[in-house]
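Novice: Going down the list, the sequences are from chains D and A. Going by the numbering used here, the first residue of the first sequence is number 142, and it counts up by one from there. Going by the numbering used here, the first residue of the second sequence is number 6, and it counts up by one from there.
For the record, the hints were derived by calculation from the structure and aren't laboratory data. Careful, some of the hints might be misleading.
Covered stretches of chain A (chain D as the covering partner; in silico rule of three or more C-beta atoms under 8 angstroms from a C-beta of chain D) [to be verified]: (1) 18-31; (2) 57-67; (3) 255-263.
Cβ pair distances, simulated, as ranges [claimed, not checked]: (4) GLY171(A) to ALA171(D): 24 to 34 angstroms; (5) ARG439(D) to PRO198(A): 32 to 42 angstroms; (6) ASP208(D) to GLY87(A): 35 to 45 angstroms; (7) GLN328(D) to PRO198(A): 24 to 34 angstroms; (8) LYS204(D) to SER45(A): 44 to 54 angstroms; (9) ALA255(D) to PRO198(A): 33 to 43 angstroms; (10) ARG272(A) to VAL167(D): 29 to 39 angstroms.
The model shown is predicted, which means the values in this text are computed figures rather than measured ones. Each residue gets a CB set at the ideal place from its N, CA and C atoms; glycine is no exception.
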Amino acid sequence: MAPPDAGAARPRGRGGYWLYLLPSLVLFLAIIVVPFLMNVATSFTRWSGVGTPTWIGLDNYTKLFEDERFWASFQHNVALIVAMAVVPTVVGLVLAAALFDYIARRFGARTASALRAAFYLPQVLPVAVAGVVWGWMLHPSYGAVNQIFGLKVNWLGDPDLALATVMAIMVWFQLGYPVVIFMAGLQRVDPSLYEAAEIDGASWWRRFWHITIPQIRPEIFVVLLTCTIAALKVFGPIFVLTRGGPGSATMVPSYFSYLNFFQKVNVGYGSAIATVLALIIVVVTFLFLRVQDRDQERDS
Amino acid sequence: MTSDRQFGQPGRWAVLAALVLLAAVMLVPFAIVTLNAFKSPAEYSSGGPLSLPHGLYLDGIVAFWQRVDFGLKLWNSLLISGVVAVAAVLLSVLNAYALGIGRVRGRLWLLVLFLVANTLPQEALVYPLYYLAKQAGLYDSRLAVILIFTVIQGAFGTYLLSSVLGRFPRGILEAAELDGASRWRILWGIVVPISRPTLMVLLIFFFIWTWNEFFLPMVFLISNDNQTVPVALGVLQGEKMMDATMSSASALLGIVPAVAFFLIFQRTLTRGITVGAIK
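Bound-form chain D, shown alone:
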């Protein structure tokens, strides 16, 4: 403990607080800022990871925009946004409203929270472990799903099925998160709104549409934003389940950059992919925050 500064009852200038930021700024510089700038710089070079990188200007980016696998990987990202953000948000809204406004009132709060816990349980798994679970369940020869239904489907190995299978797994994994957030949001809502609507004879769907959704709009924004970012970043399940395959049926940008970094040792190209991905994520974040700000201004 530093000795109390005896003379100064008034706080000194604000400058003194900078000292508290110092450890973070040093670490932050070394671990985030410098590596990120190095990554951007590397994206303008051809480099195998050893020796001196060769400056090639924008060549990696021009190559990128002509690379079919790159475009395919972003299309798969869109599919994963549907599976990890859109579907869980829509289904999560209905589930949360049903649990909060229907089950909890007619069957008790305990029933509602037990169901909520069941929906949430997949979310507690490390996403790689979720991949291990489904990799086993869907194994083409001994997997439980084929055994139970007497099928011989190669869920993750068939190019026509692999992406849909991964999407289904991600819905299973992600669903509990919006349910929990939305139910927490609903506790804020003034119960008299619902009572008034009920007295007016509004149906459950009307109340859902006109009360529940507008009231928890902030939560819907947060869930859509965090889940969209998670979908753009997705790596673990792809690595564990399909390694981007078969062919490039489930290739995503994160795995595509990893592949270029560590297996094809096209470090410059990998850096370009990673830079584009980072840019997209930052833009998406700012767009969401802008929309959310506008939305709040309109309300107030």
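Given chain D, work out where chain A should sit, using these hints.
Specialist: Below, chain A without anything else, positioned relative to chain D:
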């Protein structure tokens, strides 16, 4: 209750039944993994995945445990996640003190910077980090992973905690200043004890998030002695030497610690989610 008119008595049970059915579907993988982790391969091929195990066949779990030295993986995960959680909370507190209470100039820009750092994909950092770690002799060390995640989690903690401390009651701080307490003492004697509930929520979230991480630990921890639980399981997935029930045992070993944390920390986690809608 007017809406019973719409659904009626049978309708009300239909809603419950539908939700229970969906909940069951969500839980089926957990049940099937657990059921089959305790079967021998012969039992699995004769009875299928839905039969109850005849006895407690532990060979699959024991064999897998020994083959990957699972105790060591657990220890690595605990060590890395524990140190990161404590260090990241510490960094968050120091930063948030300067940003939220000190209101240093340019704090808005710093907050944006921290937020961006937390949303950046790790792919955009991985190669330089890998290269720098190799230069510094930190590659394939738990320390490298600890440092990286301390900064990443700390960036998020700073963002969240700064807004919490921004609403810290000014009166208490001014009273302490009048008593002649230094800033350092105000931080540890007043701000930290009063914000303890929030700090605990952050601590637990950081622990679990770090436990769940896969990409960077997989790149950095290549030797068996350093790997974490998700890395060991993820890398071994689908290996030819694994039979059906051993694969199931490996999945179960990944599930158990995660579910245990969930049960232990359930109340804090729910509070955290409701407080900051954090993820």
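Novice: Each of the hints needs a verdict: does it hold here or not?
Specialist: Hints, one by one, checked against the model:
With a threshold of 8 angstroms between beta carbons, the proposed coverage of the segment 18-31 of chain A by chain D holds, since 8 of its residues qualify and at least three are required. For the segment 57-67 of chain A, the proposed coverage by chain D is not satisfied: 0 residues have a C-beta within less than 8 angstroms of a C-beta in that chain, short of the threshold of three. Proximity of the segment 255-263 of chain A to chain D, defined as three or more residues with a beta carbon under 8 angstroms from a beta carbon of that chain, is established by the 5 residues found. With their beta carbons about 28 angstroms apart, GLY171(A) and ALA171(D) fall inside the hinted range of 24 to 34 angstroms.
The hinted range of 32 to 42 angstroms is satisfied by ARG439(D) and PRO198(A), whose Cβ atoms lie roughly 40 angstroms apart. Our hint of 35 to 45 angstroms for ASP208(D) and GLY87(A) holds, since their Cβ atoms are close to 42 angstroms apart. Checked against the hint of 24 to 34 angstroms, the pair GLN328(D) and PRO198(A) passes, with Cβ atoms roughly 28 angstroms apart. A C-beta distance of roughly 53 angstroms is found between LYS204(D) and SER45(A), which places it inside the suggested range of 44 to 54 angstroms.
Between ALA255(D) and PRO198(A) the Cβ separation comes to about 36 angstroms, which falls inside the hinted range of 33 to 43 angstroms. Between ARG272(A) and VAL167(D) the beta carbons are some 36 angstroms apart, a value that agrees with the proposed interval 29 to 39 angstroms.
Checked against the numbered hints above, the structure breaks only hint 2 and satisfies the rest.
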